[in-house]
Amino acid sequence: MSEQPDVSAFCPKGDVLVIAEQILGDLQPVTLELLGAGRLLADKMERNLKCLVLGYNLGDMPQKLIEAGADEVFVADDKELFSYRTLPYRRVVVDFLDSLPEPPHTCLLGSTTTGRDLAPRISAHFETGLTADCTELDIGPYEHKNKVDPSKIGLYPNCLYAIRPSFGESLKARILGPWKNPQMATTRPGVMTPNKHEAGRKGKITAIPVKLIPEDHRLIVADTVREISKGIKLTEADVIIGGGYGLGSADGFDLLRQLADTFENSAIGASRKVVDLGWIPYQHQVGQTGKTVRPKLYIACGISGAIQHRVGMSKSGMIIAINKDPDSPIFKFAHHGIVGDIYQIVPEMIKQFKEIQSGKGVEAVVGSH
Amino acid sequence: MSGGLNIYVLVKQVPDTGSKAGLNPDGTIDRAKAKRMLNPFDRFALQAALHAKRSYGGKVTAISMGPPPAVEILLECLEHGVDEAYLLSDRRLAASDTLATAYALHKVLNYIGKPDLIFCGLQTTDGDTAQVGPQIAERLGLPQVTYCEDFHMEDGKVHARRIIEGGYQKVVAETPLLITVANSYHPLEYKSFRGAWRVRRLARDQDELKKFIHTIDLDLVSADPERTGLKGSPTIVAATEKVGELGGSCKMHEGQSAHELVADVLKASDLNQFLVGSSK
Ligand SMILES: Cc1cc2nc3c(=O)[nH]c(=O)nc-3n(C[C@H](O)[C@H](O)[C@H](O)COP(=O)(O)OP(=O)(O)OC[C@H]3O[C@@H](n4cnc5c(N)ncnc54)[C@H](O)[C@@H]3O)c2cc1C
Ligand SMILES: Cc1cc2nc3c(=O)[nH]c(=O)nc-3n(C[C@H](O)[C@H](O)[C@H](O)COP(=O)(O)OP(=O)(O)OC[C@H]3O[C@@H](n4cnc5c(N)ncnc54)[C@H](O)[C@@H]3O)c2cc1C
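Sequences listed follow chains F and Y, in order.
Going by the numbering used here, the first sequence opens with residue 1, and the numbers climb by one from there.
Going by the numbering used here, the second sequence opens with residue 1, and the numbers climb by one from there.
No lab work stands behind these hints, which were simulated from the structure alone.
It is possible that part of the hints are untrue.
Once the Cα atoms are required to be at most 20 Å apart in a straight line, the calculated EDC-like pairs of lysine to aspartate or glutamate come out as [to be verified]:
1) K351/F to E226/Y
2) K231/Y to D149/F
3) K354/F to D264/Y
4) K172/F to D128/Y
5) K360/F to E260/Y
6) K273/F to D150/Y
7) K172/F to D126/Y
8) K351/F to E254/Y
9) K296/F to E236/F
10) K170/Y to D276/F
11) K251/Y to D341/F
12) K360/F to D270/Y
13) K242/Y to E46/F
14) K170/Y to E198/F
15) K242/Y to E136/F
16) K147/F to E226/Y
17) K332/F to E254/Y
18) K354/F to D270/Y
19) K204/F to D77/F
20) K267/Y to E363/F
To give an idea of the interface, some chain F residues facing chain Y are shown, with a C-beta separation under 10 Å as derived from the structure [stated by the list, open to error]:
21) G59
22) M61
23) P165
24) S166
25) V239
26) Q258
27) T262
28) K291
29) G340
30) K351
31) V366
Here a beta-carbon is modelled for each residue, glycine too, at the ideal position from N, C-alpha and C.
Generate the whole structure from the sequences, applying the supplied hints.
Below you can see the structure in the form of structure tokens.
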């Protein structure tokens, strides 16, 4: 251990860069989470936290990013960047990184449909490592001993530890790639903790050029439909009755509405699958691309519990799952499980709940046969 | 097939997560013992590729990178109606991360010929990164539609609908184009009797089979071995840690009838506190 190879060449300085995400001017919560995670990494290495935001008519968004923890914000504001498109966004990010005197140490994006579209393009362009869907990030040392590639052997003091669940969440893998900067990662929405908002926090805001070429327009956006924020107050309900494909048809929601009516301050939630089928409007969708809810009680009816649904409701106080498949993943994280048919269980629930409401005590209801 | 579309579908063989065989005590997968299957997400990509061929004409070629047993999933693709398949199999590919995998696969695509449409699965059930598709598109300099739920072609352009946070996006793209297909796309149709029969017959004659499934290596596709495998991979899996089953504390209720089941839940939980009229 006496002779350490000089690895400073592998670990140049470089800051932490967060690529912000907004949809049609609506700053996405994952960006604040990334700034939270990025701040910790930057502080640990005593580097700056920078943020790049792309869009059109961004207004005070750059200042908001500074108040959320960025030291410097780079802004690409152009009509062509209004809707996210892979090639124009990719061009601006690549040109920006090329213009820097040295690459950032770390570059972070959200593990959203946008981040997972853009990040691999950037990583492939710069031939740098990218870790997907991280739930923890850290900075620490790493000693590489594997002799397959002797040029990589050595002790690396400041590596990005990108930690991600794998194999159905049963393992956590720590992925490293200290050989080339930027070390890239996407992080799972809803996991990292944002910084405390600091109103009036000062930082530098720099506009950067947007130079697209005709080839960047090989794809155009015809329409962006976002209905999620309208209508019902899903996030404020104490009780959510979630309906999935197991309902069999849109009519199934009538039954769920009757169940919901037995509860105080309740609302109807749904999986993306049934929203896509048109059984219920978008506003009811719970999950990664829908709403994140945290009711006191969530009753999942005919929902399999796919990861994209789970991330939107797993923090509910109590989760009761009704599913006819005993091996359904929902039973891996629900608190109470009933293996059975919705159309037998839910009417029975309504009946017993109504009996309780009509004055009979719980004991009287559950004890009777 | 002149004039038709050159359609590619990329498929990966993954350990069968449904079967417990081949799971090491620490939760990692013993690839030698594990049962294998076609990555479930690639079934949607295969359906999309076959749909494009049936609707707009052309030829579908399946490509996989992996050890020799991956030929099994290529046979499965042929059964479903894929015309031809390539297996890139080379020891030097071992331990490739997504960047190295995309490098090797883009070399295969360049070697075989001019693609019009390239379909990938959304992600795999083992590596689960969803990165390989976009990284191939970058290498090939192509536009991409990720998270594609549906598409059709009009005047040579692809009209597609893709998932975004809070809704969806409708896009129109030129070909050549790379598409990653979401699991909300149409499920893979059952293989036809004819397809299955054809493959059974092919499989009897190894020479005949080789005309449809080509096993190729890095040298043939002019790929630089230094850019694949461990050497060509900027990332490594440095450590894994078992985190145990999720929650794992679900109380499964029992009962002979719906009545008993619901009663059991009421007894065990205090959900009655949330009922109308029960608060305060
Ligand atoms: C990028 C991306 C984003 C996504 N975002 C979201 C999101 O925000 N929210 C979301 O929910 N999904 C999302 N999805 C989709 C997600 O992957 C799943 O496909 C979806 O959640 C499945 O919906 P489901 O549980 O209703 O249907 P299924 O998975 O088909 O499950 C139906 C369940 O019902 C059970 N069942 C059937 N009949 C009965 C019966 N009579 N009684 C009781 N049980 C019955 C079955 O056993 C099964 O478990 C997303 C996917 C992608 C790729
Ligand atoms: C636990 C674990 C974590 C990992 N994490 C990372 C990580 O964060 N970053 C990283 O760079 N590598 C990672 N890897 C390595 C990565 O899994 C491999 O590089 C793998 O070859 C491709 O990645 P994927 O399985 O994630 O494919 P994905 O990118 O999820 O696959 C998307 C689509 O690309 C196509 N495709 C992918 N692989 C092939 C193939 N071999 N042949 C044909 N088509 C294919 C298929 O259409 C597939 O549906 C990880 C591996 C493990 C075991």
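Structure-based check of each hint:
no., hint, verdict
1, K351/F to E226/Y, "violated (68 Å)"
2, K231/Y to D149/F, "holds (6 Å)"
3, K354/F to D264/Y, "holds (16 Å)"
4, K172/F to D128/Y, "holds (13 Å)"
5, K360/F to E260/Y, "holds (17 Å)"
6, K273/F to D150/Y, "holds (14 Å)"
7, K172/F to D126/Y, "holds (13 Å)"
8, K351/F to E254/Y, "holds (19 Å)"
9, K296/F to E236/F, "holds (10 Å)"
10, K170/Y to D276/F, "holds (14 Å)"
11, K251/Y to D341/F, "holds (18 Å)"
12, K360/F to D270/Y, "holds (15 Å)"
13, K242/Y to E46/F, "violated (32 Å)"
14, K170/Y to E198/F, "violated (38 Å)"
15, K242/Y to E136/F, "holds (15 Å)"
16, K147/F to E226/Y, "holds (14 Å)"
17, K332/F to E254/Y, "holds (17 Å)"
18, K354/F to D270/Y, "holds (15 Å)"
19, K204/F to D77/F, "holds (16 Å)"
20, K267/Y to E363/F, "holds (8 Å)"
21, G59, "violated (20 Å)"
22, M61, "violated (17 Å)"
23, P165, "holds (7 Å)"
24, S166, "holds (6 Å)"
25, V239, "holds (5 Å)"
26, Q258, "violated (12 Å)"
27, T262, "holds (6 Å)"
28, K291, "holds (9 Å)"
29, G340, "holds (6 Å)"
30, K351, "holds (8 Å)"
31, V366, "holds (4 Å)"
Of the numbered hints given earlier, the model fails hints 1, 13, 14, 21, 22 and 26; all others are met.
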